[in-house]
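Colleague: Take a look at the letters that make up each chain.
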Amino acid sequence: MSRVPVLRHGRYVIEIRELTKRYGPAVAVDGLTFDVAPGRVTGFLGPNGAGKSTTMRMLLGLDHPSGGRALLGGRPYRELREPLRIVGALLEARSTHGGRTAYHHLLWLAATNRIPRRRVDEVLGLVGLESAAGKRAGTFSLGMSQRLGIAAALLGDPEIVLLDEPVNGLDPEGVRWIRTLMKDLAAEGRTVLVSSHLMSEMAITADHLIVIGQGRLLADTTVDEFVAASRRGHVRVSTPEADRLAALLDGRAVTVRRVDGALEITGMEAGAVGAVAGANGIALDELSTRSSSLEDAFLELTAGSTEYSSRPQAEEVR
Amino acid sequence: MSVSNSPFAVLHGEWIKIRTVRSTLLSLAVAVVASVGLGILNGSSVRSALDAKSDMVRPDFDPINSGFVGVQFGQLALIAFGVLLVCSEYTSGTVRAALGAVPGRGLLYAGKITVAALVALAVAAVTVLIAFVATQRALGPYGVTLGQGESVRAVVGAPLYLALLCLLAVGVGMMLRSSALALTVMFVFVFVLSPVASSVPGLREVARYLPDQAGAQIMKVGAQADPVVGPVAGLLILLAWTVAALAGGYAVLARRDA
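Protein chains in written order, with my numbering: chain R, 1 to 318; chain B, 319 to 576.
In case anyone wonders, no lab produced these hints; they're calculated from the structure. Small disclaimer: the values here were computed from a predicted structure and weren't measured. Keep in mind that the hints are not guaranteed to be accurate.
Claimed, not checked - Part of the chain R face toward chain B, derived, beta carbon under 7 Å:
id : residue
1  : L60
2  : A89
3  : L107
4  : L109
No residue lacks a Cβ here, since even glycine has one placed at the ideal position from N, Cα and C.
So here's chain B without its partners, still in its complex pose:
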């Protein structure tokens, strides 16, 4: 007799949990709307600037990079999704019911990570594709069609980046157990610490190995790409950070009282 729940039953339960709470669904919707909407806005403003031969357009402009400007904002919603997925269980007490139903903590955690990864990947794939195509349309004559240059690599790779970042948030959420704390840590890191560190000359050498900086290389082409950390290596660096955060989350889950 096995001493654990059926893994499929655990996945089924986690899937029902994800789709039956409005806040998690809302964060996914925000990811799509923000990515596409801000992508289109950015595309059309760049187009008018280019039409007017304005010097407001960055010299290293590349339409492929522009295709992911909206996604850079949409990623925050996916981070929120990852954090809320675990932290709302602690604030609501659902974790007690969950561990009562699935006492194998590793199994429960693995189930949550798997479902979160699949949902984030699916939402990210749709988001990235729509945002990229819509942004290129908004760029009009300055845009590219999907398939040109390195656009395929970027459009295929970006969802992996977003899903890994979401799982990193799951790990951080599991370690901190508080939505407010975990959201603050993640947002301050992605929006403040990481960009500031990468623009300070002395810190730049280290900042390129930060999870978001390294992972984002998969979406960068041309002059904006980091010559040291390539797209695949960058994704692997992000993967390492994510695995570390998830492992930290497991250590907390396994050792602490629920």
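Extracted from the complex, chain R is given alone in its bound form:
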């Protein structure tokens, strides 16, 4: 089948605008705005409960937004004719009847969107479930269920693929399979949005990152930029004359934080800090370089920091 995106709306395929979801007084998604471009894997990252699944469900028209819009090619999901041919989705929650066979599950889905029957066999082969086609979905392991979910998502050879936590519960071989699959789909020019709460997983698979926390956009950046920013690390200094050293460093392009009586300095090499101390006769008890891991950077970010926000979204990110 042809693989030229026809849904592109400007540069982007998916547009989320001021999307909000409230459950009574609780706000699950809070004025979220971002775009997803085709031809790359976009990671949708955030801790559990950040609002990723809710955003995905609103994008699919399953949940009604309290405000804002979620558009695919400029249109809401509900206005797509035969949506499986345009958008394929794997949701985190189960969406198969345990009493129905894998083949029949795909068959009824195909029928509703007038997808030919042979495509059911094709996707079963694609996800490696040919031999389990006649087995009831209720007997499937988590890994097999995920594969069936992926088969359903790919049924209509969609231009947009949405995967909510696809590697959850998969064995290493399954994880590798999904990573390769996502990259291949993106390489074919498709739009791939994949959610995860694992930074390390996104660092491997994604090209672009949308990071959210408590329903708000925290970062919209490339993975390379995010990794570079998080690798900066800091210099840790212990000295009896912490106040004097901090005052000396003040005014330079550095950030100084006090942690347990020590100073944590970002934006300056350990050697340079030592030189400043030496030139001013400040004795140091400790001088070391600490590099923060990607995971630390993510946790720090989602805990409320907006340091890595590369787009001016001041009204949403506070």
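With chain R held as given, fit chain B onto it using these hints.
Modeller: Positioned in the frame of chain R, the structure of chain B alone reads:
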């Protein structure tokens, strides 16, 4: 460019869903077996009572009414079929896949109702016919042949009653979204509330307009028939209840998150 799935494609999908899950097929099989089996049992016991000139036989005995005694039990299986059809989609999460494939909620619901109605009507027609003929056979010399008296009206009308009751269950299931809750509500209503209400003198005037009481008039003849609510009016009253339940189901489907 139309903004919805092809209605035929939606019907096709719903039809595949119905025929590929064992529990729905099982509830249909139970409807047939219970209706026919209990009809025959009732017919033969009435026959022996009549042979023995027992006073156990109700004074207003009419073989046409006896032909539907089994169906009164079989209807519970059709109610279960209607409830399971919608509620199992919520418990299994299939509804998310269904709305992903057919985002037009009204279209999806209409497709489900149409397929449920056709299947229920077909199964009910076969069930009623077999149950009626088998019961008359069991009654032996006391039975009637199909075509005598008002038997044709009753045998043609009873499947309509059963199909409407099944759709009422679809509407209730859609509103409640839980098999356990919807089955309890429907069974308690049909088996307890409605019969009790119709035997309490003060409530009888109101109870005759309840969906099952009114609808069942299509199967009643002679002294057992309600002189106030006739067979056709009764069916229309049931139709009104069914439309209301289906509309309630749609309101829930359209407004709530899936």
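Colleague: Hints first: check each against the structure and report whether it holds.
Modeller: Consistency of the hints with the structure:
no., hint, verdict
1, L60, "holds, 6 Å"
2, A89, "holds, 6 Å"
3, L107, "holds, 6 Å"
4, L109, "holds, 5 Å"
Hint check: no violations occur; every hint is consistent with the structure.
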